[in-house]
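Got chain A; can you put chain B on it based on the hints?
Spelled out, the chains give:
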Amino acid sequence: LAKTTQPISMDSYEGQEVNITCSHNNIATNDYITWYQQFPSQGPRFIIQGYKTKVTNEVASLFIPADRKSSTLSLPRVSLSDTAVYYCLVGPDGPPAGNMLTFGGGTRLMVKP
Amino acid sequence: EAGVAQSPRYKIIEKRQSVAFWCNPISGHATLYWYQQILGQGPKLLIQFQNNGVVDDSQLPKDRFSAERLKGVDSTLKIQPAKLEDSAVYLCASSPNRGPEQFFGPGTRLTVL
Chain A
-17 LAKTTQPISM
-7 DSYEGQEVNI
3 TCSHNNIATN
13 DYITWYQQFP
23 SQGPRFIIQG
33 YKTKVTNEVA
43 SLFIPADRKS
53 STLSLPRVSL
63 SDTAVYYCLV
73 GPDGPPAGNM
83 LTFGGGTRLM
93 VKP
Chain B
408 EAGVAQSPRY
418 KIIEKRQSVA
428 FWCNPISGHA
438 TLYWYQQILG
448 QGPKLLIQFQ
458 NNGVVDDSQL
468 PKDRFSAERL
478 KGVDSTLKIQ
488 PAKLEDSAVY
498 LCASSPNRGP
508 EQFFGPGTRL
518 TVL
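Note that the protein sequences, when read in sequence, are chains A and B. Mapping of the first sequence onto the working numbering: position 56 corresponds to residue 38, and the numbering continues sequentially without gaps. For the working numbering, add 407 to where a residue sits in the second sequence, where the first one is 1.
Be a bit skeptical, because a hint or two may be false.
[Unchecked claim] Some chain A residues close to chain B (C-beta under 8 Å, calculated; not the full set):
id, residue
1, Thr16
2, Asp75
3, Gly86
Don't read these hints as lab results, they were simulated from the structure. For clarity, every value in this text was computed on a predicted model and none was experimentally measured. By construction, the Cβ of each residue, glycine as well, lies at the ideal position given by its N, Cα and C atoms.
Just chain A, same shape as in the assembly:
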């Protein structure tokens, strides 16, 4: 079971780039890394998934080093609306099951004006 470790909280200012790192030292060969975002009073929302190197979509980028023991979610030019909790999950690809469903405590990002 690949356990993940994230910072409990982070502060940033509008317009800055935010990087949230997740450690997953026991990641398995067939495991992928998935990030979710959760706003207050809402369910989590899928942001991005990756296996190695770099993945980018319209919302964020995900950087994964060669050893895959950590990953970094990068949010470019954050705004107040990016204030949320961000969760890193690790598990096999495909319909989530088993250890892919362990959300952990997440990282609370606070974006200030």
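For chain B alone, kept in the frame of chain A given last:
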């Protein structure tokens, strides 16, 4: 495309009473999940269905919690009798047969007095 629907959105009951939550997943999604999210924590999986069969219910407190997914579509989660520590948001999510993404509903906030 309609999202995951849940009802009620809020429920207040007294301890030892019973309560039921309803979830309607996205059409065509075979997998359905129920999570419990206590304030300040990440979601914790209670039960996972694949169609109308249970895939994982290892963290479901079966002495008081029960869930069913008749006909592989809608699902209900019941608590009987409720305890104070059951106060939480109950999230329902669904996923298609491909890809890592779970689609979450808005949740039901339960307060047990």
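Structure-based check of all given hints:
With 8 Å as the threshold, the beta carbon of Thr16 (chain A) comes within range of chain B, its nearest partner Cβ sitting at about 5 Å, so the hint holds. The beta carbon of Asp75 (chain A) comes within 6 Å of a beta carbon in chain B, closer than 8 Å, and the hint placing it at the interface holds. The interface hint given for Gly86 (chain A) is met, as the beta carbon of that residue sits about 5 Å from the closest beta carbon of chain B, less than 8 Å.
In the structure shown, no violation is registered for any of the earlier numbered hints.
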